[in-house]
Amino acid sequence: MKKKSLPVFFVGLLMCGCQMKEVINEYNVVPLPVTMSEQQGRFYLNSDVPIVVNASQEVKHIASGLSTTLLDIAGLKLKPTDELHENVPSIVFDSIPGMEKEAYKLSVTPQLIKITASAPNGFYYGLQTLYQLLPVDVYCKERARNAEWSVPCVEIEDAPTFRYRGAMLDVCRHFASIDYIKKFIDVLAAHKMNTFHWHLTDDQGWRIEIKKYPKLTEIGSQRSETMVDYFYTHYPFKYDGKPHGGFYTQDEIKEVVAYAQSKYITVIPEIELPGHALAAIASYPELSCTPDSTYEVCKLWGVFDQVFCPTDTFFQFMEGVMDEVVELFPSSYIHIGGDECPKTAWEQCEHCQKLIRELGLENDITPNPVDGRKHTKEEKLQSYIVSRVEKYLNSKGRNIIGWDEILEGGLAPTPQ
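Note that the sequence shown covers residues 1 to 416 in full-length UniProt numbering.
Bear in mind the hints are in silico, worked out from the structure with no lab data behind them. A portion of the hints provided could be inaccurate.
Below, simulated DSBU-like cross-link-like pairs (lysine-lysine); rule was C-alpha separation at most 35 Å, straight line [claimed, not checked]: (1) Lys77 / Lys101; (2) Lys254 / Lys141; (3) Lys263 / Lys60.
None of these values were measured; they are calculated from a predicted model.
Just need the whole structure built from these sequences, with the hints factored in.
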């Protein structure tokens, strides 16, 4: 009997999968809510529909965004009110205690659209789902033509699976305007992401204004030209012959941070160290192991031997940079990169080798118990740099994050 039941069982699974897939394809809610059940009918929007907010002033501001959007795109003048009237199709934002900060419920019947949450974050995410249920014209910048402004009747309960949901934007290889960055943030918000990882420094450009070190943007924000295509597409390498650059003033950064905060997104800046440092070294050669050399902002892709040298000058520089960074970004995390840092310069540097001896760093004879690798003394020097920068940022009330190579040289314990 079990053998005969198996095909029926799998057919049942396939049917369930197909039914769910039909709901997803029809409604296009992304990410898929925890639960979503289709109901009969639709809610039709018109200018007689009131918006009722039984929540804080901040939630009223969120609800006003819906009014503004529907006025601009659909020409509908939905009016806010404090009272819900019986038999009047309405949109309600209703606050109840006990739900998770980012959780929400969305109920749509022919007479009522109701978003329920405990915190502004939840209301905001519920509104994003409502936008996705509306015609796609709601995302246009101009008045929509011939759209039917209605919402399918559904019951949705949703909360995030992951506390950290984000995406990175690299503006070092290719500079992006403030308008572009805001559009990028809009896309993150529409998909209920809560973190914007902003990659601001690299070999190919330094993009953040640091007032203590003006050459970082005077020199480090501009490269003479850019490699064409991928790293190994052409050899010898081909370049476009066009200068490329740009940077963000501190006022512009504050503008972006505030814009992201209005959409419940935290901006995490990435300040690369000790590798990916050529733009900074081109600006201040004394930060390298060979300060008498001539450097330029990198115009090709790849990983390069020119990295920060762990001198007092470097640590003073990095502390000065971080002093300004923490004033611009309220995020509890500062990303310090830590990836793709060749050790060639340190192996040949008299100062680095002396520091390695003073710190008592030696090549591992047996594998490290944390990652099973035998680390070199130069890799341990990177761990020392990471730990020292981390300690400084901890003193400013911040924690560090980085790429996986941040662990090279063994795990750097968080200072207590």
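Non-conforming hints, listed in increasing numerical order: Checked against the structure, no hint fails, so every one of them is satisfied.
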